[in-house]
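J.: One-letter residues, chain by chain:
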Amino acid sequence: MKRLINTMWGYWVLLLAFSLAIAAVAYEVWLKGRI
Amino acid sequence: MFTFPIAGIDAPILLLVLVGLTVGIVGGFIGVGGGYMVTPALIVFGFPGYMASGIDMTHIAGKGVVSTIRHRQLGNIDWTLALSMVAGTMLGVELGVRLLVYFKTLGISTVVLLITSVVVMFVLFLYTQIETRRAHIKLKEMSRDGVEMGRELQTSNLPRFFQNIPLAPIMRCRTARVVVSMWVVVAVGVVTGALAGFLGVGGGFIRVPALVYLVGASTHIAVGTDLVEIVFSGGYGALRHSMEGHVDMVAVLFMISGAMLGAQLGSIATSFVRGPAIRYILSYSLVLATCGAVLRLLYVLTGQSVEILSLFAVMLTLGEMIFLCLFILSLVMFAQRHRKGKWVPDWVPPLVMAQKRS
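Taken in order, these protein sequences are the chains called A and B. Quick note: the first sequence uses this note's numbering, first residue 1, plus one each step. Quick note: the second sequence uses this note's numbering, first residue 1, plus one each step.
Think of the hints as simulated: they come from the structure by calculation, not from any bench. Idealized CB from N, CA, C, for every residue including glycine. It is possible that part of the hints are untrue.
[What the hints assert, rightly or not] In the DSSO-like style, the derived pairs of lysine-lysine whose C-alpha atoms are separated by at most 30 Å in a straight line are:
id : chain 1 : residue 1 : chain 2 : residue 2
1  : B       : K340      : B       : K138
2  : A       : K2        : B       : K138
3  : B       : K340      : B       : K140
4  : B       : K140      : A       : K2
5  : A       : K2        : B       : K340
6  : B       : K342      : A       : K2
7  : B       : K140      : B       : K342
[As the list claims (entries may be wrong)] Under 7 Å between C-beta atoms, here's a sample of chain A residues computed to sit facing chain B:
id : residue
8  : I5
9  : N6
10 : M8
11 : L15
12 : L16
13 : S19
14 : L20
15 : I22
16 : A23
17 : W30
18 : L31
Isolated chain A (complex conformation) (with noise of 0.2 Å):
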């Protein structure tokens, strides 16, 4: 895990997939249904 926070890119799609997975959650707990 250190490894991959210590390049740019790595940080960048851990926080991205960490951040996509919270979107997904919001959907699902406050919007399905909705679109």
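Guided by the hints, dock chain B onto chain A, whose structure is given.
T.: Here is chain B on its own, set in the frame of chain A:
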């Protein structure tokens, strides 16, 4: 869930406050209003398109004032540059809107608009990313050689070309430390304003790179100066939308309660980083917005039949806001750790200020 009386819909309050907070942080940090993220999000929450645009514009105006005050305190605004650009921007917006109306009469406005967004944002992303990466490498070398690093480093030769255009009157922008023909600044305002008017956005993501790469302002000054433009354009937009009845003030109040805090955090966060860090975040914002626009374009081109494309676009918009916000907050956290001599990733030290700027 809360029932919004003017819009006549039920929407989650917490999400509205969180959207305001995240876009406030991003806007205060990279100098954009964030309309390209907020409007699609509000439509997903259930607001009609015209009202999403009105609510977004009104909250941007309020947030812009807060960010501008903070950036003024941080010394990031060049008023000469800002006020010279306003006239050009207004003219440009009018030209852009007329161009959009022309394409609307041809019946191809949606496709042209999405293709233009994709091309403009991708070109800006590519140039900003390549230049910032070059500046980052240079900063790393300076750090390794023990050379003192300033708050700004940019490697583009474009500003030199534009600053050498000898058309009177020549402006001396003291805060930005730039000497440039007024016509260059006005032309930048017209072109960026036309693109913003055509694309139906505030245009911060076009103006900030333009101020850095064409006029030659530092990234911090470009961010602060662009926020002044956003106060003008957002204020005018809010007035027009309010007159048309497109604004649900209750929704605006919820959004702005988050945005007020976010805008201050984002503005203050700029004092922890060097210029290239802000440009990195701007380029990430551009590439993710480009991906969202590509998904929407594919959705339109497939006759709006492949619903999964629309769903991915929504997820990407929400994910983008969270990603940018977390990236900014983590940069501040890394800057604090770096100051205390604690471990930070290798790529961080050249991007953050080792000492607090006095």
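J.: Next step is simple, just say for each hint if it's right about the structure.
T.: Structure-based check of each hint:
1. K340/B <-> K138/B: Within the cut-off at roughly 24 Å; holds.
2. K2/A <-> K138/B: holds, 24 Å
3. K340/B <-> K140/B: holds, 20 Å
4. K140/B <-> K2/A: holds, 20 Å
5. K2/A <-> K340/B: holds, 19 Å
6. K342/B <-> K2/A: holds, 14 Å
7. K140/B <-> K342/B: holds, 18 Å
8. I5: holds, 5 Å
9. N6: The hint holds - N6/A has a Cβ within 7 Å of chain B, the shortest such distance being about 5 Å.
10. M8: Hint on M8/A: holds, closest Cβ of chain B at ~4 Å, below 7 Å.
11. L15: holds, 6 Å
12. L16: Since the shortest Cβ distance to chain B is 5 Å, the answer is holds.
13. S19: Since the shortest Cβ distance to chain B is 4 Å, the answer is holds.
14. L20: holds, 4 Å
15. I22: holds, 5 Å
16. A23: holds, 4 Å
17. W30: Since chain B brings a Cβ to about 5 Å from W30/A, closer than 7 Å, the hint holds.
18. L31: holds, 6 Å
The structure agrees with every numbered hint stated previously.
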